[in-house]
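Undergrad: Work out the full structure: start from the sequences and follow the hints.
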Amino acid sequence: MKQFDDRKKTAREAERQHLPPLTVGTLAGSDRLRRWLTAAIVAAAVVSPGLMSAAESPRRPNIVIILGDDLGYADMGSFGSEIKTPNLDSLAKDGVRFTNFYTNATCSPTRSVLLSGVDTHVNGLGNMDEWTAPNQLNVPGYEGYLNKQVATLPELLKDAGYHTYMVGKWHLGKAPDLIPAARGFERDFSLLDGAGSYWDMNNFTAASPLSVFTEDGRYLTKLPDNYYATKTYTDKMIEFIDANHGDGKPFFAYVSHQAPHDPFHLPREWRTRHVGEYDIGWDAVRQTRLKRQIELGIMPPGTQLAERMWFVPDPIVLAPAARAILGKKMELYAGMVENLDFHVGRLIDHLKEIGEYDNTIFIVFGDNGAEGTDLFKMVAGSPGSRDYLFSAIKWSQTHPNAWGDPGSYVGYGPMWAQVSMTPFSQYKGWTAEGGIRNALIVSGPTVKRPKESINCGLMHVADIMPTLLDIAGASYPQERNGKTLLPLIGKSWMPMLDGQVDSPRTDRDYLAWENFGNRAVRQGEWKIRWEHKPLGKGAWELFNLTNDPAERHDLAAQQPDKLQEMIKLWENYVQANNVIIPSRSMFETLEDQLPPRVPDDPGYPPLIKKKQFVPPQDMIAAPKS
Amino acid sequence: MKNKEFLKKSVLWAGLAAAVVSAVGLFYPPQSLAQVPARFYWKNLSGGNGVLTIFESISGNTNPFDPSHMVTAGAEFDATLALLGYAHNFSLFDRSATAAVIMPMGRASGEVTVAGSSAKQSASGFGDPMLEFVVNLLGPPAQKNIPDAMRYEPGFSVDFLADLYLPIGEYNNDQPLNISQNRWYGRIGMPIVWQLGPWVPGRRTTLEFLPVMWVFGDNDDYVGQTLESDLLFQLDAHLTRDLTERLWGSLDAAVYNGGAATINDGVPGEELNNFAMGVTLGYGINENLNLTFSYKSTLNDDAPDDMKMDVFMVTLVFGWHPLMEGFRKLESSN
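Sequences listed follow chains Z and D, in order. Take the first sequence: its position 602, counted from the start at 1, is 602 in this note's numbering, and no numbers get skipped. Whatever position you read off the second sequence (first residue = 1), add 1000 for this note's numbering.
No wet-lab data here; the hints were simulated from the structure. All C-beta atoms, glycine included, are put in the ideal place defined by N, C-alpha and C. There could be a bad hint or two in this list.
Here are some chain D residues pointing at chain Z (derived, C-beta under 10 Å) [what the hints assert, rightly or not]:
no., residue
1, 1198
2, 1201
3, 1260
4, 1263
Simulated crosslink set (DSS-like; lysine-lysine; CA at most 30 Å straight-line) [stated by the list, open to error]:
no., chain 1, residue 1, chain 2, residue 2
5, Z, 562, Z, 329
6, Z, 611, D, 1120
7, Z, 537, D, 1144
8, Z, 329, D, 1144
9, Z, 610, D, 1329
One side only, chain Z facing chain D, incomplete, derived with CB under 7 Å [to be verified]:
no., residue
10, 321
11, 406
12, 407
13, 557
TA: So this is what it looks like as structure tokens:
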């Protein structure tokens, strides 16, 4: 412990003197060498101001992670959206957009990897807490919270001399030893649940009716006046930053927004920015987004859209009223994203005002695919159930004019989720690209790649831990608090951000996923996935993502060798991470709930596009009698 | 084997019809009369129709059938009045408009003193039918389709209103108390609806005004004499608030000014300068049928020549739109 304290002190001293910090967890020999060098430089600086100038290095950058909850791949303007996100786009303009960045298919697993750098199946989020299967109970790695076997990113950055702040959604544990303050954050204002009202403490079930919040390690009995999640989180983060600004230490700010996760709660003035714009239907919006993505260079020319889910109708068959009702949900979602962008802009502007923007690294991404599952239907239960009664009391603002108000619950369904994930297939919870691929923006002083450029390197949320440790001048310790730490699974982006390489991974490196029993492996341009029916086949499918990013063409039958090769990688992954396929899953009865799967053949049946036959004018006649 | 009915119902779109009907909301009564409760000027889907019935029980010192409210000092009238009407909403240059025809009928009785002679009188039968035209001037555009109707919020709406009464009702020139007024008359006004807060059933609040100017022709056979009436200015005001999604209430007020009556070019009578207050409860029985109960009474009515009037009013309005009826039929067949 003393060794760590010494390191912290030395890092702080180095910070104050604008010197490179000591790394955390380096070998004792190199530690001594760094200390000696530091002392020598300090001494030389005292003797010779000129030498000090030569030895000066830039102050370590601040780090801001902006995490959108269920934010879709195609929801930012810089990734092809019609939704106006000028502030997020400004970060893209100052930095780099990444088109092959992966998270997990659901939120708390992604967050656990982000903050630990190790696989979900060992860090405690082998399954979401809400869905732990019977065969996963009491198995290490499946605790349902970020377990104590891992060191967290804020802990290590704090050790390295960073202030560590968090606002927003935590979803990694509620017990006192699991909350943000116990896991390395100096200051926090956190929603411990996975979702809830944006306006108050209401949560979704009778058994757990209230959201749980903490502020600086204390559980809150009420929320601040004029609470609105996105606004309040931003206010708090600005307050945290200002409180210590000027002490010379850089900060790590984890801005874990609840937005745009449903329910789409939103101030009234943000609800009417797109009235009627989405009445054209999801197909048209997807086509427009893909066109823009190709123009921007996000997707290559020739990219096809993923098939429309077979249970989602062609909007052409819907009455204007139905399109308006469904379009209104997307209007609200767009407002959610724009409101999120507005508050991100407030934070950016504040950092500019206090002179920290130019020395701040921003990492922006969504935690999983957009949400296509009707969560409210799942949690509200059936008539007569306790949750139904609870919903009748707390969540019954169902009139469209009330959407966005406290007590309303609006999600936007699979059709709009697919729009958010243009051009990909499926959405959150599934291991198709629409469930796991996300937009990523990185900007700031350590990014040496051309501004506004686009990179297609294969990247993963687990990479953020080693990358940020590199940026902080720290390294990942082999042990902490007497426990041997699990190895990091990610790869630092530093060589890639420096422009030395285009991807942190080689073609031999692979990524693998398992959520709710849905699985996938990606290696180079190849991907296999196994998904529950009916969205999947209940069998492995093989795709070439370079040619087919929308996963329209299953090549498993055509390339059995490749399939087997990839399955072996999966088996390695299972072995290495103690992956236990859940015996129960939230999708286990989905096949009985959806219509039988049929292909999506554009224009079929022709009946839906037939128009009134108009005979030639010269052949029109009245009846003869 | 899957149950096809189950599947059909489980598909995402099955509930849309209900959602649309719910979003469009209740068909509020078409348009107005001289005495109408609040919320009569809310706009509906173009093409909508309404049949309205208004029942009023009125007592006071003015002829309840005479909107000029000519005061007869010392008189006591009681009347039972019914109005039947039909209205149709349509779009006019992208503005919401309504045309309506309303037929009053009923009976009135009381003791009347005219030119020093007193008599018990009564009258009954059909009154003067009214033609009404209302067009919105300021506010949301016409609701030409269901999406427009879904998105309707009055905000701050101002209409133009014109009513014309046709003097063809039952008239007896032997007595001043009559169902018909035996003269042309009408009014122009500007109904105003001011939305306060969200437009969510159960939470709607409005402030509504109806400033009107009544114009009266001469009745040249008013008990053998000529009756002239000055312009009458009337302002109705309502503060309305939803109590639940279907139940609402309002505080009502009315101000009357002017309307002095002159008989045979003599000395003009007293101008009205009166104030009335009332309350209304409204209930949407279903998507078609609306019911209101109101009571209103004049306040500053102590002097003999002050207008005294109190009114119980019940309105029942049946509204329908062919499209929405079709929706409902489909919904019920599912």
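Undergrad: Give a verdict on every hint.
TA: Hints versus structure:
no., hint, in the structure
1, 1198, "holds, 7 Å"
2, 1201, "holds, 5 Å"
3, 1260, "violated, 47 Å"
4, 1263, "violated, 54 Å"
5, 562/Z with 329/Z, "violated, 42 Å"
6, 611/Z with 1120/D, "violated, 71 Å"
7, 537/Z with 1144/D, "violated, 46 Å"
8, 329/Z with 1144/D, "holds, 22 Å"
9, 610/Z with 1329/D, "holds, 25 Å"
10, 321, "holds, 4 Å"
11, 406, "violated, 11 Å"
12, 407, "violated, 10 Å"
13, 557, "violated, 27 Å"
In summary, the structure is inconsistent with hints 3, 4, 5, 6, 7, 11, 12, 13 from the numbered list given earlier, while agreeing with the others.
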